[in-house]
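Engineer: Work out the full structure, taking the sequences as your base and the hints as a guide.
Spelled out, the chains give:
Protein chains: 2
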Amino acid sequence: MATRAIRVGLIGFGTIGTGVIKLLQRQQRQIVQKLGARLEMARIADIDLKTDRGVKIDRRLLTNDAQALLDDPSIDIVIELMGGYEPARRFVLAAIANGKDVVTANKALLAVHGREIFTAAERAGVDLGFEASVGGGIPIIRVLRDGLAADHNRAVYGIVNGTSNYILSTMTNQGGEFGEVLRAAQQQGLAEANPTYDVDGIDAAHKLTLLIQLALGARVRLQDIPTAGIRDVSQLDINYAKDFGYVIKLLAVAKEDDGLEAWVQPAMVPRAHLLADVNGALNAIAVRGEALGASMYLGLGAGMMPTATAVVADLMEIARNRLHGSRARVAPLGYPLASQRPTRIKPLTELTSEFYLRFLVQDRPGVLARIAGILGEQHISIASVIQKGREIGATVPIVIRTHEAQADRLQRALRGIGRLAAVRAKPAAIRIEDSLGQ
Amino acid sequence: MATRAIRVGLIGFGTIGTGVIKLLQRQQRQIVQKLGARLEMARIADIDLKTDRGVKIDRRLLTNDAQALLDDPSIDIVIELMGGYEPARRFVLAAIANGKDVVTANKALLAVHGREIFTAAERAGVDLGFEASVGGGIPIIRVLRDGLAADHNRAVYGIVNGTSNYILSTMTNQGGEFGEVLRAAQQQGLAEANPTYDVDGIDAAHKLTLLIQLALGARVRLQDIPTAGIRDVSQLDINYAKDFGYVIKLLAVAKEDDGLEAWVQPAMVPRAHLLADVNGALNAIAVRGEALGASMYLGLGAGMMPTATAVVADLMEIARNRLHGSRARVAPLGYPLASQRPTRIKPLTELTSEFYLRFLVQDRPGVLARIAGILGEQHISIASVIQKGREIGATVPIVIRTHEAQADRLQRALRGIGRLAAVRAKPAAIRIEDSLGQ
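If you're matching them up, the sequences are chains X and D in order. The letter at position 221 of the first sequence is residue 221 when you use the working numbering, and the numbering goes up by one with no holes. The letter at position 293 of the second sequence is residue 293 when you use the working numbering, and the numbering goes up by one with no holes.
In short, the hints are calculated from the structure, not lab data. Every residue, glycine too, gets a C-beta built ideally from N, C-alpha and C. Hints may contain errors.
Covered, in the sense of this in silico footprint (three residues per stretch, anywhere, with C-beta under 8 Å from a C-beta of chain D), are these stretches of chain X [to be verified]:
id	stretch
1	48 to 58
2	127 to 139
3	148 to 161
4	266 to 279
5	294 to 305
Here are the in silico distance ranges between beta carbons for each label pair [to be verified]:
id	chain 1	residue 1	chain 2	residue 2	range
6	D	H379	X	E354	56 to 62 Å
7	X	G175	D	G259	39 to 45 Å
8	D	P365	X	E354	56 to 62 Å
9	D	G259	X	L222	34 to 40 Å
10	D	L222	X	D71	50 to 56 Å
11	X	G245	D	Q411	52 to 58 Å
12	X	R344	D	V55	33 to 39 Å
13	D	D58	X	E354	35 to 41 Å
Structural biologist: Next comes the structure, spelled out in structure tokens:
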């Protein structure tokens, strides 16, 4: 008897798409064993049909015409791996409208147009898999949707951008300033030519909107998440962090106590915390639930083959549903959209934290007093001060650790301090995260 | 319209069972939102119907008669939380024979009678959930069965017994010898009155047989897993480990290269490895796949509420299958038993490793030469020796790090060395695990 086939169409034959083809070929026998059916690549659409991707395919599968793929009634599942907002959005909606299940790795698309797409999928009764959109090959979407489904989660946080974690851990472990480490990473293909999404925290914020929906059942707007990247992190700050027993990481954090706090920012994490040891391109996502307490999920958050494992795991799950007549047995987020709570994210004015502050000042009497005065005006109290070396006239760092301070008052104070004649560079302010738990 | 109910019977109203009742009550609204149906506790069987578990239940649900529960045609899913081999085995098989789905936390049962139970479930077309049997609330079963289903896994390893990890990390971070730390843990309810399963590695070996089946698709026999516990780990060894940059952990390891290596033993883990930071009652399980590389999953591996989250997550998944008419859409292990490969575990004679050896000897000339001679006879070569202090006649430690050595030759050498007149205590030998990968 011929093995039944689930037919798959791929839009976007780039790095991840190539990985998916490789993995489907390599794991073919195992997949048939597990599913009792084949996953058959039926059509591959891309604007570039020429480049050799180093993978063997029947060239007749290739097409320039994504619409033809979307309209092909023999195709069961469409994989969208082109990235970006348009035409990815249009293609995904067209696939759903045509009754196809969809697998995508496109976090930007889901962060911005997620509600439209999730709604369309729910109404059409199709499956939408997006495991590859957060944490690469770490099955964090399934963990949140199914594994932790019985708990009331209160927080989700971690390191979700591999590029910026690679840059920060290289700066920490090998030295170098942001600019040079970024350039080296670009040369090694570990950072994009245009690194904005990664190093400015935008990619992390995209992922955080998805994690918040999955873990907390809350609906938020991307633009409400206070977001900062790692461009301003300097070697000087990394070294002070070390002296104080901390490591600087770009964190994405969401916690619900009295209201929802959610932000993407560099932060100082205690050296003893597990997140402090998450180095290189690794991602790590922690979840805190009322019943389970903290749990954590680590692995490679990007790369051809890691990401491909997530895409193919989605294909297998969706294929199972088709084979058992149980499509849409779990909603994409694990609950119907109607039960999602529109939730306000606390603005910067309501966020408080202890901060590490670093100023480069011309060393002359009275500077510290001026700085302390401005902080005091903004009700920011000082826990400790370090002023290393003394060399009248030279530029020296002043490092201050604050008590719990309000983020917007701090911004105001920093603006004021930045205007002092003795202050020679943009002040640095980094959150200190002593209360992450675990 | 009344919400549909999935009716659940519970056998074993102990700590975890109480947690399950609590969680079902606490999360009732969320569960209905997610499933579109209620999970209704229909019957609770236990031999003790008197004790107040501190949870509100309709006392009419309680029964002494597990068989009546198993024969109740209105019950859809049976939760087995009594533990032990019999009558748990009989009850689980009876539930399956009666067409009920089963959820269990009983790793001992599945490690020893798994094949019989998995076969029965597969033939009957019922679902069998056992998320709570490994890693407590960490959803590692789902991760392996679904999340990493597309990869070819080569290794699964980690810290899977919370009690022994608690004891070892207390010994490491606060001092104390095994016996006293165990007694303190027993007083705090963190170790059982009879701690054998936990501290002798048996519980970890139970879990490892399940992890091997899930991650590697291999069928193994529990009794073939070389297993050792932590009773012989001494403060002296923990301190030497620290000096060398290691932490001693009870590891459960399975790796497939040329054949399957699987064992449970205390081992020295490099301080920089993430597993070295897994302290207290935490569990951590790492998986290495060809495509994904290493990924790791951490959380509380035991306790009432953490374990209850796993049980209820299983209930929710199985309820979904009933609601969508897709029971048994995934086999318990993620693949049909027929495709499981009976696999030989390498016996001790084929295992090699670097070892830390520690001898307590009467300090007199020639002792080291005798020890080195016996090691040499067994083809064990020495990488370094530390002999601290010199005090002729006193008892002093000799610490040796070996190069890669065969475990059975080492056992023979240790027996020989143990017989030397100058050797004053049982020699200690601990694997050094430098090649775990992140």
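Engineer: Determine whether the Cβ-Cβ distance between G175 (chain X) and G259 (chain D) falls within the hinted range of 39 to 45 Å.
Structural biologist: holds, 43 Å
Engineer: Count the residues of the stretch 48 to 58 of chain X with a beta-carbon closer than 8 Å to any beta-carbon of chain D: does the count reach three?
Structural biologist: violated (count 0)
Engineer: Against the range 56 to 62 Å, how does the distance between the Cβ atoms of H379 (chain D) and E354 (chain X) compare: consistent or not?
Structural biologist: With a Cβ separation near 58 Å, H379 (chain D) and E354 (chain X) satisfy 56 to 62 Å, so the hint holds.
Engineer: Lying within 34 to 40 Å: is that true of the beta-carbon distance G259 (chain D) to L222 (chain X)?
Structural biologist: violated, 50 Å
Engineer: Given as covered by chain D, does the stretch 266 to 279 of chain X meet the bar of three residues or more with CB within less than 8 Å?
Structural biologist: Satisfied; 4 residues make the cut.
Engineer: Does the Cβ distance between R344 (chain X) and V55 (chain D) fall inside 33 to 39 Å?
Structural biologist: The hinted range 33 to 39 Å holds for R344 (chain X) and V55 (chain D), with Cβ atoms some 35 Å apart.
Engineer: With a Cβ-Cβ cutoff of 8 Å, does the stretch 127 to 139 of chain X contain at least three residues near chain D?
Structural biologist: holds (count 4)
Engineer: State, for the Cβ atoms of L222 (chain D) and D71 (chain X), whether the hinted interval 50 to 56 Å holds or is violated.
Structural biologist: holds, 54 Å
Engineer: Between P365 (chain D) and E354 (chain X), is the Cβ distance one that fits in 56 to 62 Å?
Structural biologist: Holds, at about 60 Å.
Engineer: State, for the Cβ atoms of G245 (chain X) and Q411 (chain D), whether the hinted interval 52 to 58 Å holds or is violated.
Structural biologist: violated, 43 Å
Engineer: Count the residues of the stretch 294 to 305 of chain X whose CB lies closer than 8 Å to any CB of chain D, then report whether that count reaches three.
Structural biologist: Coverage by chain D holds here, the residue count being 8 at a Cβ distance below 8 Å.
Engineer: Is the hinted range of 35 to 41 Å satisfied by the C-beta distance from D58 (chain D) to E354 (chain X)?
Structural biologist: Given range 35 to 41 Å: violated, Cβ gap about 49 Å.
The structure shown violates the earlier hints numbered 1, 9, 11, 13.
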